[in-house]
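Counting from 0, one number per residue, gives the positions in the sequence shown under numbering that gives the first Met the number 0.
Take these hints with a grain of salt, some might be off.
What the hints assert, rightly or not - FRET-style restraints, in silico, Cβ to Cβ:
#, residue 1, residue 2, range
1, L110, R72, 30 to 38 Å
2, P201, D39, 28 to 36 Å
3, L3, T168, 16 to 24 Å
4, R128, P11, 41 to 49 Å
5, E190, P26, 26 to 34 Å
6, L3, R72, 27 to 35 Å
7, V188, H24, 18 to 26 Å
8, P183, L15, 44 to 52 Å
9, N71, G203, 21 to 29 Å
10, G76, R164, 35 to 43 Å
11, L3, P183, 45 to 53 Å
12, P26, L146, 38 to 46 Å
13, R164, N71, 14 to 22 Å
Bear in mind the hints are in silico, worked out from the structure with no lab data behind them. In this text, a Cβ means the ideal position worked out from N, Cα and C, and glycines have one as well.
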Amino acid sequence: MDRLAAQLLAMPDEPLWVSGHTDDHGPLAWNLDLSARRIDRVLDALERRYGIPRSRFVKPTAYGETRPIADNRTEAGRALNRRVEFMRLPPGTDPDTFVPEGSLVEGVHALSETTVAVFRNGRSAWEVRVEDGGRRLVLVLPGLFRLDPTPPAPPPERRLIRRLRTEETATPRRTLVVLDLTQPVHYRVEEQGRVLLLHLQPSGTATQ
0 MDRLAAQLLA MPDEPLWVSG HTDDHGPLAW NLDLSARRID RVLDALERRY GIPRSRFVKP
60 TAYGETRPIA DNRTEAGRAL NRRVEFMRLP PGTDPDTFVP EGSLVEGVHA LSETTVAVFR
120 NGRSAWEVRV EDGGRRLVLV LPGLFRLDPT PPAPPPERRL IRRLRTEETA TPRRTLVVLD
180 LTQPVHYRVE EQGRVLLLHL QPSGTATQ
C-alpha cells in the first residue's frame, strides 16, 4: 500500500480509473459485490492513511470474476485474480463522460422470433433466470446500466415472445432483459464478443 500511495502522490493531478476483481470461487453475484467492497476498502485506506481523496478515482467498476489474469485452477492464480487495478485514462478523455468497458448495455433487439441480441460495450457477467413456469426468461446483467431507456420492440409475429422489456435497478446496479413468452422454451446463450445472443426453442421440440 505504501508503494501504491507513493506512486499516486507523485502524480496528484491525474485522474485514474479503478476496477475490482475476484477469483471464480463463489456465486457470480457474491463475487461482483466482493469486488466492489474490495475497491471501497482500498480507496478508504488511501484516503484515511495517505490523504488521497476518493474524488481522484473515476467510475470505480466492479468486474467480479469476469476478467481473470491468471489460472483460477491454482492457488497462485486465484491470488493474482483477487486484485484492484488503477489505470490512467486515455489521453484527451473527459473524466465526466468516461464509460468503463463492460459497464453499459447499448441496445436490446429481437433479431427474429427465436433470437434476442443484447449489445454491451464490452465483456461482462451474466446469468439467466427462468420464472413463471418457464414462460418468462430474465437475462441478468449485474453491474451494467442501460444507455437507451426506449423499450425494445418484440418480433412482429409474437408467436413465441409476447413482450420484450428491460428493467434497471440501482441497488444492486444491474440491467434485466425480460422476455415474457407465450409458452415454455429451451434456451441457449451464445457470447460473441460484446454481443449476447439468446436463442429460444419451444420446449415441445427437440433441442439442437
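> Should the hint that P183 and L15 are 44 to 52 Å apart at their CB atoms be regarded as holding?
Replying inline: Because 48 Å falls inside the window, the suggested range holds.
> Does 18 to 26 Å hold as the CB distance between V188 and H24, or does it fail?
Replying inline: holds (22 Å)
> When you take the CB atoms of L110 and R72, is the distance between them in 30 to 38 Å?
Replying inline: holds (36 Å)
> Taking the beta carbons of L3 and R72, is their distance inside 27 to 35 Å?
Replying inline: holds (28 Å)
> When you take the CB atoms of L3 and T168, is the distance between them in 16 to 24 Å?
Replying inline: violated (33 Å)
> Has the hinted range 26 to 34 Å been met by the Cβ atoms of E190 and P26?
Replying inline: Violated, since E190 and P26 (Cβ atoms, about 19 Å apart) do not stay within the stated range.
> Is 35 to 43 Å a correct range for the gap between the Cβ atoms of G76 and R164?
Replying inline: holds (40 Å)
> Holds or violated: 38 to 46 Å for the Cβ distance of P26 and L146?
Replying inline: Taking Cβ atoms as reference, P26 and L146 lie about 27 Å apart, which means the hint is violated.
> Within 21 to 29 Å or not, the Cβ separation of N71 and G203?
Replying inline: Violated, at about 39 Å.
> CB of R164 to CB of N71, is that within 14 to 22 Å?
Replying inline: violated (35 Å)
> Do the beta carbons of L3 and P183 sit within 45 to 53 Å of each other?
Replying inline: holds (52 Å)
> Per the hint of 28 to 36 Å, is the separation of the Cβ atoms of P201 and D39 within bounds?
Replying inline: The hint (28 to 36 Å, Cβ to Cβ) is violated, given that P201 and D39 are roughly 46 Å apart.
In this structure, the earlier hints numbered 2, 3, 5, 9, 12, 13 are contradicted, and the remaining ones agree with it.
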